[in-house]
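**Q** Assemble the complex: chain A is given as a structure, and chain B must be docked to it using the hints.
Protein chains: 2
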Amino acid sequence: MSKESLDRLFEPNSVAVIGASSTPGKIGYAVVDALNVGKYEGNIYPVNLREKEILGHRAYPTIGDIPEKVDLAVISIPAKFVPDTVEACGQAGVGGISIITSGFSEVGNHEAEERIVEIVKRYGMRLLGPNILGTLSNSQKLNASFAPMLPLPGKSALISQSGALLIALDAGTYLRGVGFDKLFSLGNMADVNFADIVEWLDKDDHTNSIALYIEGMNDGRRFMEVCQKSSKPVIALKSGVSAHGAAAAASHTGSLAGAAKVYGAAFRQAGVVEAQNLNHLFDLTQAFQLQPTMQGDNLLIVTNGGGVGVLATDSAERYGIPLKYLPDDLQVEMKNYMPDFGSAKNPVDITGQAGLEGYQKSIEFGLKQDWVDGLAVLYCETAVTNPMEIAEGIYNAVKAAGSVMDYKPVAVAFVGGEKSAEAVRWLIDNGIPAYDDPDRAVSALSGLRHYARMQEEKIGMAEIAQADDGAYEKALSIIKGARESGRDALTEVEAKDVFAAYGLNVTATTLAKTEDEAVAMAKDIGYPIVMKVVSPDILHKSDAGGVVVNVKNDQMVRDAYKKILDNAMAYDPNADIFGIAVQEMAPFGTEVILGSTTDPAFGPVLMFGLGGIFVEVLKDVTFAVCPVSKAQGLKMQSQIRGARILEGARGEAPRDQEAMADLIARYSTMMYDLRDEIKESDANPVMLYEQGKGLKVVDARIILT
Amino acid sequence: MSKESLDRLFEPNSVAVIGASSTPGKIGYAVVDALNVGKYEGNIYPVNLREKEILGHRAYPTIGDIPEKVDLAVISIPAKFVPDTVEACGQAGVGGISIITSGFSEVGNHEAEERIVEIVKRYGMRLLGPNILGTLSNSQKLNASFAPMLPLPGKSALISQSGALLIALDAGTYLRGVGFDKLFSLGNMADVNFADIVEWLDKDDHTNSIALYIEGMNDGRRFMEVCQKSSKPVIALKSGVSAHGAAAAASHTGSLAGAAKVYGAAFRQAGVVEAQNLNHLFDLTQAFQLQPTMQGDNLLIVTNGGGVGVLATDSAERYGIPLKYLPDDLQVEMKNYMPDFGSAKNPVDITGQAGLEGYQKSIEFGLKQDWVDGLAVLYCETAVTNPMEIAEGIYNAVKAAGSVMDYKPVAVAFVGGEKSAEAVRWLIDNGIPAYDDPDRAVSALSGLRHYARMQEEKIGMAEIAQADDGAYEKALSIIKGARESGRDALTEVEAKDVFAAYGLNVTATTLAKTEDEAVAMAKDIGYPIVMKVVSPDILHKSDAGGVVVNVKNDQMVRDAYKKILDNAMAYDPNADIFGIAVQEMAPFGTEVILGSTTDPAFGPVLMFGLGGIFVEVLKDVTFAVCPVSKAQGLKMQSQIRGARILEGARGEAPRDQEAMADLIARYSTMMYDLRDEIKESDANPVMLYEQGKGLKVVDARIILT
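Taken in order, these protein sequences are the chains called A and B. Heads up, the first sequence is in the numbering used here, so the first residue is 1 and it goes up one at a time. Heads up, the second sequence is in the numbering used here, so the first residue is 1 and it goes up one at a time.
Here chain A stands alone, though its shape is the one from the complex (with noise of 0.2 Å):
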């Protein structure tokens, strides 16, 4: 029924404007216009209480009134009369609603959103807004919005949070040529959100790649699941990443906006190409619409001008996808095609003089070779050739090149004046994506690229790690304890048994009570153990004079005993101390940390990177979404700076990644199953040891929510 209701609301084959208007100016004219501008050949109903006629159709009074059961209901009628609205449309057997009114959840107005909301889901009808611009299908010459124009036609979709944003994009994607089968604004996505339209997407044939605008958004995880599903490339900028930022978001659109970390390794998880600004998300959204992504790190430059050879190897470089040169016996055929002081290596420099069968001989033999995974293609304007005689070269050699085309990407910078910008657009008309820096153009390639990396990885949701059998149960007990002792956070103790329930590697530790205990639990782990004070009220425990480690016979025991617990009263008399921890001494190893944190958008999230310093300090982590794959948990390991210290650096062995692997991802599913009871918690540190030796978790703390 709700895809029913989505075909219904994104391809109608009707659709009512309750607030129509015949006056210019406002907006229930300006989406009846829209209509008949980009002659929907579908029926339209224009809903007027007064007005028998508007724009050449027949006005009803209401939405029961017309005639038959309405596909699309688009509302800009004042807020207040919105949820009755609604109502009726549901009454009248409407699909699907699109709400362009204001003065929702954006300003606080939270009760009438969640009332339609309500009213929505009771009609089975789906619903888009409020507080959008609407929505624009090409393919369906469908303008249900009040931009005043369809965008330049193409085979992409574009999904903006901010219809301000949209409309603007609209008109853009003229001037930039990028073209674009649908456009949708989410608004407040009360109802449909990003993953319900990139769901939808997926089966939509006019469409081929999809274009996000993102502010912030609810339901994180679902997104992951349908960008890691979908079929076609999903590339993303998100807005509100700075901390001053983020703040402007909430207040722009009442939406949460997350760290751009947490983003970030979201859209690495999720296959997600990520876009850096509002150039770069047309710039790679060119891309992907023309050209297949790029199967290998291969790429060949052909330039005509050594400078912007040189520039676009440094881009090259700077966007992970390092120039190599040429093999030898490709550089002497590639020196056929070239004049002799040109040069063959990579970047092929055809020199200043090549024309069109310069370009085109050296692009098709190049594009013919396996070694080649994709090429760019870039031209200096010179004085003796001319701009569009290249392009068609440049044309001419990708025809050439066939079949090799469906899984070699090629784009193209013209450095130069208006002939470059005018054979630039042709090439774009014409298939091949051509920008005006050569940075541009390689950094689409390098897009291309960045998703098939991520394509050939898969990792992210699948394969995770199962807890053992009644892991959650016990855990929920302790949690459970603890609540009911009134603390919203765990004892090391209670923590670390938790930890233990989901397999992971804690050092034994025990609560004893008493000395005698103490020795008796001492014994039993073997010395030397390590002795901390447990009280709720005492959180940092050194401080407090709360830890004694090295202790190493039962005399040391009894000792350390009486002294923490004098210092413990000493520091506050008051302390409810639960007893003193006895706890086997880990041996040194590299200090590493996990811990996890939930956000607002995607849940509890993983942090992961080396101890001490390197977290404090330099801030040397990287973050996965939970739960991640034991294969993920390797790769984290490799994201962060200090990667080559895990690895075994200066001479000492590699750690024990596999290890490590195996506790990220028992981490990341504890935290996930655990997702409703824990805020916060951290395993720091973890003592990891060299290869095949395993790891210790030492330090635990968990929070709840």
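Calculated directly from the structure, the hints in this document are not laboratory data. Where hints are given, some of them may not hold.
Since the list can't tell identical chains apart, any single copy or any two copies may satisfy a pair.
Keeping only pairs whose Cα atoms sit at most 25 Å apart, straight-line, the calculated BS3-like set for lysine-lysine is [unchecked claim]:
| no. | residue 1 | residue 2 |
| --- | --- | --- |
| 1 | Lys141 | Lys419 |
| 2 | Lys345 | Lys324 |
| 3 | Lys335 | Lys368 |
| 4 | Lys261 | Lys619 |
| 5 | Lys619 | Lys635 |
**A** Then chain B, alone, in the frame of chain A:
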């Protein structure tokens, strides 16, 4: 004399074109045609052995036949005839020579190029090229190049090492709307180089900012000095910063391309703003040409759309000018210039309803506030506003703000379609930099701020540390001794003696040749001590068992002496062992590293970083061209990612950053003094103690040129 010749080269009253031709397609034709089309008002003298008249000008068989002393001779004859022709120019009293012809050092033909330089110097002429496009100047109506047109007029100058790129960018000035008064092609830089032109432009009334495209340079140090002194901002794009790219640059111009880090350091020290790509070079040039620099950190953003406001906020943080909220009292007033649902916080969101008046009033109010140091104005094209009217509102506000515009920069971004593009062009024509993406506008403003910060710091080559009297002589005699014994590396003891001569606090180290000597020296220094083998044949002393630390008494000295000798003999029976170094054992401190290397463009370059893993794994280091001041020594300590460790992280006392800055300054003076002798050096580790407690250089290494 050379100054005068440069004037004649760049502002000629007469131009001879040697190799002028009546045949279209020839460069000698293109140059005369370009002079004509540009409406050059000085005398034009085609030089051609056979023709009597070329393109309306009387032709002369040789330069000597021209009836006046020509200021500029443009040469485009085959390479083999060039030297004799230059000689003839000298005899004829030519002032400056511009050699378009290629086929010199860029293809390995150094001899001919050197011969030309010798001739030029002998006659006191100046030479541009060879292998260039030529020079272009709007204010003189001089197009002495084979580019078909003068650039879009403006107040910048562009100096490009690549002629091919320059001709393309010349056409691009119209497309991009960025105007230039002058374009220079540098080619092989046999004589005139970047420094010469930047210095000359500093006195040019028609230029207010200078853009550079750099592939490599030979005299980087003079370039830095000239840029430091330049009253006009210099913006540079350096190509060939990737490993692969550097190789390509070398093969392209025969020039030496340095590492990205060294150029980055040199630019910082010289106050040069670095561009990331061609578009960025143009974006920055436009901003510097049209706007003052930004004197403080407070950026105000005025926008009609929340989305672009947040994007700009993200960019501001990314580019180092993070946004702050407008002070409360200003927010209250600002609120008068927008609808109720707008936001006066910053970004100031005057809402999608804002037209000419909304923009004009809010901007005018904002610009007048002392709090505001710079302004970004954003506009998202809407259905109800006219981009050109918004542009007018912005323009009116800027005019009304009056003299504050002498020190407050503004930049604009319009996101939209063709109408927005027209408005952008109109704004540029009216002196306001404008772009198609908020990111570009904020990036340009950040360049204006970054430049002002570099000017405020004014650190670098000034206030360098003075070496102690006799230091240079002493160092030289130690180096001479090593060279005389056929070594190109100093021993540790020798290197420390050089360091000590320059006032560096090294661990006391003496060379013992017998056990008894070692004991006596150890007593002198005071226990504990360290003992190390000293041999030019044993570089890795520890691997050879050649180091014993923590030697505490006479007997241990004797034991260690024997052991080290035995180990050394076993390691390499043929090693030439100079003796055993007896060395003060420095207390443990924060390990840092200082090193120097010799860059082909900039000479001795200093590296500073934290020791051990930080330098080896994280590569957390920073560079500066020697010599550097103590102030810059302090700054370098803040440039590494681990800077907080030096400031006192995790409860530790701050390190002695003053002592470290002093060491950096002295070390850099030493390396600058000894630049003809020392190729590489390091002080590694240096033990840096807490504030007030100084440091110790524990190990020293010097490799000779």
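**Q** With reference to the structure, classify each hint as holding or not holding.
**A** Going down the list of hints, with the structure as the test:
no., hint, in the structure
1, Lys141 <-> Lys419, "between (33 Å within a copy, 24 Å between copies)"
2, Lys345 <-> Lys324, "within (9 Å within a copy, 50 Å between copies)"
3, Lys335 <-> Lys368, "within (15 Å within a copy, 63 Å between copies)"
4, Lys261 <-> Lys619, "both (12 Å within a copy, 22 Å between copies)"
5, Lys619 <-> Lys635, "both (18 Å within a copy, 21 Å between copies)"
Checked against the numbered hints above, the structure breaks none of them.
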